[in-house]
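Asker: Work the whole structure out from these sequences, hints included.
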Amino acid sequence: MWSSTTTTTPNRSAGRAAFLLLAATGLVSTSFAQTVEMRPPTAAIAGQPNAIQTSGSGEATFYLLGPAHTSKQLVNLGHEIQLPADQLRAAGKYLAILCSSACQSASFFVTAASPASLSFLVHPSRVPVKQENAISGVAFPFDKFSNLVLSPVTVDFQLKLSGGDSLSRPTPTQHGVAWFRAYSGNHAGAAQLVASLGDLSVRRVVQQVASDPCNLRIRAQRTAKGILVETEPVRDCSGNPVPDGTIVTFTETGPGGKSTVDMPIKLGVARVELLASAPAVISVASGVVMGNELRLGAQ
Amino acid sequence: MTRHVLAPGTMVMLALLSLFLLSFRAGAADFSPASTPQIEINTVNSGPRAMEALTQQNVVRHYGRAWQSLADAFDRNTLVSLNDYFVGAAKDQLTGTVKEQQRTGIHSRYLDQRHMVDVVFYAPEGDVVMLHDTVQCDLEVYDGDKSIHTEPAVLHYVVLMTPGADRWVIRQLQAVPQF
Chain A
1 MWSSTTTTTP
11 NRSAGRAAFL
21 LLAATGLVST
31 SFAQTVEMRP
41 PTAAIAGQPN
51 AIQTSGSGEA
61 TFYLLGPAHT
71 SKQLVNLGHE
81 IQLPADQLRA
91 AGKYLAILCS
101 SACQSASFFV
111 TAASPASLSF
121 LVHPSRVPVK
131 QENAISGVAF
141 PFDKFSNLVL
151 SPVTVDFQLK
161 LSGGDSLSRP
171 TPTQHGVAWF
181 RAYSGNHAGA
191 AQLVASLGDL
201 SVRRVVQQVA
211 SDPCNLRIRA
221 QRTAKGILVE
231 TEPVRDCSGN
241 PVPDGTIVTF
251 TETGPGGKST
261 VDMPIKLGVA
271 RVELLASAPA
281 VISVASGVVM
291 GNELRLGAQ
Chain B
1 MTRHVLAPGT
11 MVMLALLSLF
21 LLSFRAGAAD
31 FSPASTPQIE
41 INTVNSGPRA
51 MEALTQQNVV
61 RHYGRAWQSL
71 ADAFDRNTLV
81 SLNDYFVGAA
91 KDQLTGTVKE
101 QQRTGIHSRY
111 LDQRHMVDVV
121 FYAPEGDVVM
131 LHDTVQCDLE
141 VYDGDKSIHT
151 EPAVLHYVVL
161 MTPGADRWVI
171 RQLQAVPQF
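Chains as they are written, first to last, in our numbering: chain A, 1 to 299; chain B, 1 to 179.
No lab work stands behind these hints: they were computed from the structure.
Keep in mind that a hint or two might mislead.
27 Å max Cα-Cα, derived DSSO-like pairs, lysine-lysine [to be verified]: (1) A:Lys-160 <-> A:Lys-130; (2) A:Lys-258 <-> A:Lys-225; (3) B:Lys-91 <-> A:Lys-72; (4) A:Lys-72 <-> B:Lys-146; (5) A:Lys-144 <-> B:Lys-99; (6) B:Lys-146 <-> B:Lys-99; (7) B:Lys-91 <-> A:Lys-144; (8) A:Lys-225 <-> A:Lys-130; (9) B:Lys-99 <-> A:Lys-72; (10) A:Lys-225 <-> A:Lys-266.
Calculated Cβ distances over 10 Å to all of chain A for the following chain B residues [claimed, not checked]: (11) Arg-103; (12) Phe-121; (13) Pro-163.
We put the beta carbon where it would ideally sit given N, CA and C, even for glycine.
Answerer: Encoded structure:
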């Protein structure tokens, strides 16, 4: 998988014409250009030494231009040009140029070495329970020189949910990437995601939290100052306690109009003290979820 | 009335100076910034997430600017150009190349770039995009002022881009023989 070209530039042509003119007039000694050939590696792997075979004799200047490397050196034609491992660390296209009387070039490709690390992106970091395709993971295999491994490998995605459920999904990489999507479990808690490839294993944690409140209910009792309204312990439809800090909205509708109070859940319940003296209807909501209504008579 | 007559030597000097200035201008033209890369994008194969129109526009704009800055860095051997659109391994590799070009006196030009970009992967959460780019350009390599390689090149790159604070940046830029 290599190609070879010979570079002829206007400058070089002009120089050659001048040289031939001088040679014809006997001002310089003539030496005819020899055929120089390069044979670059057909299969090169990142981080492994290689060599380019040359033909001809005499000295030439050798240039190697790669994705992360550029070098220039004098070489003897007819010998192998050694390409040390550190010059071939980056996967990609390399251009070898050999200049003696004219310049010749050839290109070759270096491919990534075997996978040495996995880049594993997981979203989101917190997810409500019982959500379809809520968790996603993307894995990229890289070799030890940070080259993307493009040859297909199989990444095993494992999801261990807090309720004890787990799933395993071996996924072959395509174009150097493997990905998966999964549902979130029924129970709040940490879900562990693991991407494995051979001996490589990368772990990520997604915190599963309660979903929207379910069966939101309030009760009320009269106090010296007014009415104390509080929710029953707020839980989602799977029975997970809704996290403290979640806002619950209490609305009092009476002859004087409507008043609204937002209160955060503390220790599993939300409560508010209302100064209701006239008949009123008290309702509760959290996000898009409505709870029950209480009708209170005059005090 | 005073007449100023230039001595023949002075006239020769002026003529030489004019020639020098002309050649300097010509040289300066050689170092003009590379033309803006032409980018065509195809998102038909994008998945698992469909790429939004605005995202396409941004990816095209930022990818084009990245290549323009790459060409600039390789031509002028300046590292500053690489700061805006390259991060991680891509930036490390390009920086290494430019530094070695500086050391060896080599510079290279990617002229008349035309990119056919195929979006082959767009992550479910939209935080990574993988491109397959077929670049047609005129590649020239110089040792000092001497041209050592010219080629109408067709290059294939696998590219990983991620969104930065206000732009898409290239995290991986890896040439392959074919897709």
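Asker: Are there hints from earlier that the structure breaks, and if so, what are their numbers?
Answerer: 8, 11 and 12
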